[in-house]
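Colleague: Okay, here's what each chain looks like letter by letter:
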Amino acid sequence: MTKILVLITHPPFGHENTFAGLYVASTALSKGLEVTVAMTGDGVYAGRKGQVDPLANINMPSTEDQVRDIIDLGGRAIVDQGALLERGIMQEELIEGLEIQPLGKIHDVMLDEGGIIVTF
Amino acid sequence: MVEKKKTLTMMLFTGPYGSQYADHMCRIADRALDKGYGVQIFLYGDGVHSQLKGQNPKAFFNVGEALTKLAEKGAVIKSCVRCSQARGYVEGEFDEKESRYPSSKAINVVKIYSLYGYVEMLGNTDKAITLGSSN
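Protein sequence lines, in the order shown, are assigned to chains A and B.
Residue 1 is where the first sequence starts when you use the numbering used here, and the numbers rise one by one after that.
Residue 1001 is where the second sequence starts when you use the numbering used here, and the numbers rise one by one after that.
Some hints here could point you the wrong way.
Unchecked claim - Straight line, CA to CA, 27 Å or less: simulated BS3-like cross-link-like pairs of lysine-lysine:
no. : chain 1 : residue 1 : chain 2 : residue 2
1   : B       : Lys1035   : A       : Lys3
2   : A       : Lys31     : B       : Lys1127
3   : B       : Lys1004   : B       : Lys1105
4   : A       : Lys31     : B       : Lys1105
5   : A       : Lys31     : B       : Lys1035
6   : B       : Lys1105   : B       : Lys1073
Since the hints were made in silico from the structure, they are not lab data.
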């Protein structure tokens, strides 16, 4: 089975990157690919829960819904522990089902588990 | 023993000008084709503007012409329908016969397609590169 890792490095709003990357992840899952999403840097903001209807408020889709869909579809979603600490984001603020790992572990996944890496 | 042809897939996520990502992508693709790779390109986000007909940069690398030459050398090039629709390229429903969404504004060598087109490329590649997603 083809494996892909989608690396998210941008915050959920202000750029199209995070939406676009998560859209690739969910599309790949729906086609039966094995998908890991890794959020690092400002990408970890996409792991926070509690977005208040961004489509209605700022005309951008909810990346929280996208992350929840990815987990529901069986995707693995990892957030960078160090990037969370730097930004003062606590575990209880994160979407349920996200895996918190140190950056080195995320690099191990990228380097050791094979597959294709696409960055956003 | 015959060696299996390797495949390179590239996604362009930024417009044809304003940065050199499209230029880099086309040059990498050209080199890969010369080395015997199969090349697949997917235009995503603002990257779909590289499909615009009639590009006429005075000083820069002409990305539309470069894509046409790459397709003539065998590259498969698709673009995202959702991104293309948002930017005014799509002019109708999916054409089953042509296996593309219609557009008189896009160069013919680029097939406007769903994001499944990219996933299918990823499912059939040895290497993948994304360009332009860092800005």
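Colleague: Does Lys31(A) pair with Lys1127(B) here, judged by a C-alpha cut-off of 27 Å?
Modeller: Measuring from Cα to Cα gives roughly 19 Å; hence the hint holds.
Colleague: For the pair supplied as a hint, Lys1105(B) and Lys1073(B), is the alpha-carbon distance within the 27 Å limit?
Modeller: Distance ~22 Å between Lys1105(B) and Lys1073(B) Cα, so the pair holds.
Colleague: Lys1004(B) and Lys1105(B): Cα distance at most 27 Å?
Modeller: Answer violated: Lys1004(B) to Lys1105(B) is near 37 Å, above 27 Å.
Colleague: Taken at face value, is the distance from the CA of Lys1035(B) to the CA of Lys31(A) at most 27 Å?
Modeller: 31 Å, violated
Colleague: Starting from Lys31(A), check that the Cα of Lys1105(B) is at most 27 Å away, please.
Modeller: Answer violated: Lys31(A) to Lys1105(B) is near 30 Å, above 27 Å.
Colleague: Sort out whether Lys3(A) lies within 27 Å of Lys1035(B), counting only the CA atoms.
Modeller: Judged against 27 Å, a Cα distance of about 26 Å means the pair holds.
Checked against the numbered hints given earlier, this structure breaks hints 3, 4 and 5; the rest are met.
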